[in-house]
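As you go down the protein sequences, you meet chains A and B in turn. Position one of the first sequence corresponds to residue 1 (this note's numbering), numbered consecutively onward. Position one of the second sequence corresponds to residue 1 (this note's numbering), numbered consecutively onward.
Worth flagging that the hints you see were computed from the coordinates, not collected in a lab. Remember, it's a predicted structure, so these values are computed and weren't measured experimentally. Think of the CB as a built atom: it goes at the ideal place given N, C-alpha and C, for glycine as much as any other residue.
A short, non-exhaustive set of chain A residues, derived as facing chain B with CB atoms under 10 Å:
| hint | residue |
| --- | --- |
| 1 | Ser411 |
| 2 | Leu412 |
| 3 | Asp415 |
| 4 | Arg417 |
| 5 | Gly421 |
| 6 | Ile422 |
| 7 | Asp448 |
| 8 | Gly455 |
| 9 | Asp459 |
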Amino acid sequence: MGGSPLIPMNDYGVLGDPPALGTWTPRLSVSVVIPAYRAGATLPLVLAALDRQTYPAHLMEVIVVDDGEEPMPALPPTAPRRTRVIRPRPGLWGKASACAAGADAATGDVVHYLDADLVPFPEHVEAHMRWHHLAGCLVVLGRLRFVPGLDVVPAGEVLAAIEAGTLGKLFPDEDGTPQWTEQRWDETDDLRTAGFRAFSVTVGATASLPAALLRAAGGMDRALVMGEDTELGYRLAQAGAVFVGEREARGRHIGDSTVMRREQDVKRHNWPYLAERIPVFRWLRAHPNRRYLVSYVEVVVPATDASFEEVRATVDAVLSGKLPDVVVKLVGPWSRLGGGRRDPLGDPALDLRLVRACYEGEPRVSFAESLPEHCFPVPFRLHCPPGWTPGRSTIGSLVKFADRQGLGVLSLALDERERGGIVHARLERMAAVARARWCAGPGDALDDLVHAMFGTLWDAGEKWGLTRADAPPPPSPGRPWALDADRPSSARASGGGSPVRRPLRRTARMIRRRLRAMVRPT
Amino acid sequence: MSRAAARSAWGAWVGFESCPGLLDRLVEGFPGPWTPLASVPVPVAGPASEPPGDGSRAEGRQGPGVDAAEARGGHGPGSEAAEVPVFGCVVLAARTPADLRLAVTLRGLVPMGRRIRVAVAETPPWASPPFPVTGQGDCWRHLAGLTIGRTGQGWHLDALFDEPAAGGDVLAQVVHGLFGARRHLAQPVAGLPPGDAAWRPGDANATLVPAGGPVPERRDAPGCDLLLAGPPYGEADVAGPGGFPPVDEAVVNPIGFRQHPSSPVASLVADGPGFAVVSGGETLVRLPPGGEVTDVDVARLRETRALAVPALPGRPLVAARLVAALAAAGVPMLAEPDPARDAALGPDLARALAAVLGEEVQDDLRREELSIRLRRSALRLHGSVPRWRETAGAAGLPLPAEPSVSILLCTRRPEMIPFAIRQMERQRGVRAELVIGLHGLSARRTAVGSALLPVTVVEAPAELPFGAVLNRMADLAGGSFLAKVDDDDWYGPDHLADLLLAQLYSGADLVGSAAEFVYLEPLDVTIRRRIGTERFAPLVAGGTMLVRRSAFEAVGGFRPLPRTVDGQLLQAVEAAGGRIYRTHGFGYVLRRRSAHGHTWRQPVQSFLASSHEQWRGLVFNELMEAAVPHGRAEVRTWAGPR
Chain A
1 MGGSPLIPMN
11 DYGVLGDPPA
21 LGTWTPRLSV
31 SVVIPAYRAG
41 ATLPLVLAAL
51 DRQTYPAHLM
61 EVIVVDDGEE
71 PMPALPPTAP
81 RRTRVIRPRP
91 GLWGKASACA
101 AGADAATGDV
111 VHYLDADLVP
121 FPEHVEAHMR
131 WHHLAGCLVV
141 LGRLRFVPGL
151 DVVPAGEVLA
161 AIEAGTLGKL
171 FPDEDGTPQW
181 TEQRWDETDD
191 LRTAGFRAFS
201 VTVGATASLP
211 AALLRAAGGM
221 DRALVMGEDT
231 ELGYRLAQAG
241 AVFVGEREAR
251 GRHIGDSTVM
261 RREQDVKRHN
271 WPYLAERIPV
281 FRWLRAHPNR
291 RYLVSYVEVV
301 VPATDASFEE
311 VRATVDAVLS
321 GKLPDVVVKL
331 VGPWSRLGGG
341 RRDPLGDPAL
351 DLRLVRACYE
361 GEPRVSFAES
371 LPEHCFPVPF
381 RLHCPPGWTP
391 GRSTIGSLVK
401 FADRQGLGVL
411 SLALDERERG
421 GIVHARLERM
431 AAVARARWCA
441 GPGDALDDLV
451 HAMFGTLWDA
461 GEKWGLTRAD
471 APPPPSPGRP
481 WALDADRPSS
491 ARASGGGSPV
501 RRPLRRTARM
511 IRRRLRAMVR
521 PT
Chain B
1 MSRAAARSAW
11 GAWVGFESCP
21 GLLDRLVEGF
31 PGPWTPLASV
41 PVPVAGPASE
51 PPGDGSRAEG
61 RQGPGVDAAE
71 ARGGHGPGSE
81 AAEVPVFGCV
91 VLAARTPADL
101 RLAVTLRGLV
111 PMGRRIRVAV
121 AETPPWASPP
131 FPVTGQGDCW
141 RHLAGLTIGR
151 TGQGWHLDAL
161 FDEPAAGGDV
171 LAQVVHGLFG
181 ARRHLAQPVA
191 GLPPGDAAWR
201 PGDANATLVP
211 AGGPVPERRD
221 APGCDLLLAG
231 PPYGEADVAG
241 PGGFPPVDEA
251 VVNPIGFRQH
261 PSSPVASLVA
271 DGPGFAVVSG
281 GETLVRLPPG
291 GEVTDVDVAR
301 LRETRALAVP
311 ALPGRPLVAA
321 RLVAALAAAG
331 VPMLAEPDPA
341 RDAALGPDLA
351 RALAAVLGEE
361 VQDDLRREEL
371 SIRLRRSALR
381 LHGSVPRWRE
391 TAGAAGLPLP
401 AEPSVSILLC
411 TRRPEMIPFA
421 IRQMERQRGV
431 RAELVIGLHG
441 LSARRTAVGS
451 ALLPVTVVEA
461 PAELPFGAVL
471 NRMADLAGGS
481 FLAKVDDDDW
491 YGPDHLADLL
501 LAQLYSGADL
511 VGSAAEFVYL
521 EPLDVTIRRR
531 IGTERFAPLV
541 AGGTMLVRRS
551 AFEAVGGFRP
561 LPRTVDGQLL
571 QAVEAAGGRI
581 YRTHGFGYVL
591 RRRSAHGHTW
601 RQPVQSFLAS
611 SHEQWRGLVF
621 NELMEAAVPH
631 GRAEVRTWAG
641 PR
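Produce the complete structure using the sequences and hints provided.
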């Protein structure tokens, strides 16, 4: 995708207005994937509507994934020429599985997910596809209205409207119920200003995306039964995707959705699944001390040339931070540590061995020979040199600051080496790095691209509580006596302490003794 | 000289035209009567002088008036021995320090007294208290008591003498205390009627000429070199730049400029015969019909982002006087076009004024750039020193030379010399020479020529401490100011001119810029630090110090140390009673290189910790005018803070 346009945050406005409908020449092929479960009544309507699309038929295929308990009867007479029906592999079921199976079978450049009860207007696919001709990292979402079910308006009447091109008259815009996401579109200029949260309105009812982007994000998660579209949206964002709200991709959803009918039940069902998988939904991760399927921050500590004490200081500080869902990756030549006979104390690789021994039982620490290019789908990665220790809230504040400022990379200068070079820590937003990779042409520096799209910033490590491991803790302001009393008694022995402070010290000792007595009555 | 019997009390004021009511409450125990100082008759003493030949009339002020020829003729009555009145109590009230400066010009009108009281109704926050600085005058010999006290927002000075003292001397020395002594272009000597004091503010050396009378003679010398005379200002037609009294740069200047103002754009509106500045229904400042602007008025406008100025048809000189003063103070103005006013302002200032646009002043950085351009052209065109040079020069009088600057450039890195020389060759609007110190380098093997600047080369052995090398260089320097520059920092083309200007309006012994903009080479990042500028402060960037030669010599030059000589000089100047002024940092970008093993440098982290804006790459503000890039760093355009 070299030389792709640089889209800052989610502001796809930089692409300009897409070409007007009917005035441009399409090039890319699309596979419309329709997961169908008990959709015998609405599917013929959807296929009939797809048969009347303005998008060229030779660039469009339709894959109906029949997810029913029994195979569905033959296709209705009115359907696009290139329509296939496939069945998921035996034992697999559910919408996510169906979507994944459909995407596997798709041959188009773009995969367009469409619900089996969503009747698209004739220019629906074209409105989606015009965006994919502008950039390769877009996820386009259509706009739909919920209209009364077939028990209210008979199927024949809908079919007639489709064929006469009068769907808009049968179901006027203002009569239908908009989707819950549309309010977010209104607030964010159709997602242009939605920033990092744009992905959360990904709804699978009508969503299209390049097949390559879908593959890069790992496809639909088959383990999910509901909420799979939101979770896919999260991973797409991590892969660098930009989300587009397209109001001209209109459609009519026949009947209510489950979310509308049983919102609380749907939330109750989805939240445990999403909490495990979407670390940026912080409100789902209120627990102070537990692990999740996908962590929030991966801290990378290079262990190769560091002493055991340095590595341990850094890792221990990270693990005692306030953020619970942080994992540590220790990078070093671990395979060199054989099990053969050795001098236990004279081992040349002793420090490495001790590091590995030290965290054998800690599931949050993993060991890697070399640093993988990414930690997908973990959203943040912090490179921290060994021997430097973040404070308890350092990592959390850094991430919050990066979110508030829309930063792609936040670098913290820690020290300067004698022979040049800055010892520094570096927080990377993996979505920004992935987007930069997506856009990079030959010879482009990733950091330049990240800066252009998200911004990069240097700051001082000390300001964020990232200090040298052996540095004394900063004095607590306003309580000088606490420090004084902790100091070894040399000043007292030599009589050097100022006479004014001596009674203070005595008071401090007395208070401390009393407090201790209150806590531990003997 | 005979003395009349001591009368009880005498009181005069300056600057209360628009608020006479303020006077009654100002000086406790003095009920009046009050006289405006400028209308006190000039005491006539001795025979009138012969003013110098033709062309002694101020240029640009046409029409009939006190003509040199007329002044030459008369020998007024009582010219043999003037009767100096003596009073029990002499009271002088000024609304602001700016008015006190006017009173200094009129000091010959203030009588003698046994008790002399000087009251200032209001002072700007940056002004020092009115401590008198005693000079040659012997008035303090008989001092019996001196009280200086705060009164509301102003000051009150009360001096008691055993013998009657000259009120004018006391006044002049109080003003020296406020603004610093020895800082005014006092020659060629001006002669002027009291009503024209605004044309020579703060000039204690001016000769006052009685209305219609002869120019009083001085000891063995003519009374003046140049007689200022003409119709009252405001009546003349606009004929080119000028035509209105100059801006007194000692009081109306950028001192106190706010980099991050808190109030929105205010507007200038008509208010009775005068003007007012209003913002959101609140009146910030009232200005008199003549358009005089004082330091106190400026101080009240400091929090204002910009001032919208309407065209004033029919009053071009008043409008120009107002705008010139506010521009000199660095107040960004959104001015409606007004061709007559702009003609009086001159093309340079009119252009700087037209460049200020509404959306641009919303950005603090851009606003400051525009403000600096306004100050520069207003102070260089309409400041009282350049105007006096202009007037005297046009009258054909020989002028003292503009102060010259010797640039001290000491280096150990031959590869940096061409870069450093190019930057100094770019300096505009100053007379400069370059003194290059080769510290441990041989002049034969180093290219140190310049086609544009006179160059002196000093070779020094590597083992000589850095401070000693600089002193050797200063020995050979011929300028009245010494400017120290570093070989690897970037300088805008107006760097030296801005420092000289800051020296002129602050009167400080040492001026320098803030190292606001820093390029962190190891990180390839340009930062802007939060440093207060346009104020008296003990620290300035070492590569921007401009020191008055006399002050430099008084403290003994640089301390002979291998490093931190800059800080040591600052400390020495301060310890010797000198003042240090820090001007804006827009003409200087400090380069923080990678650490070089042996020398200690301020850590990169501490630069980052104090930064509040950051750009990727080496980025210059507009006033740097595409400074010479050097080495690896690549210039990128500013994309705005994120």
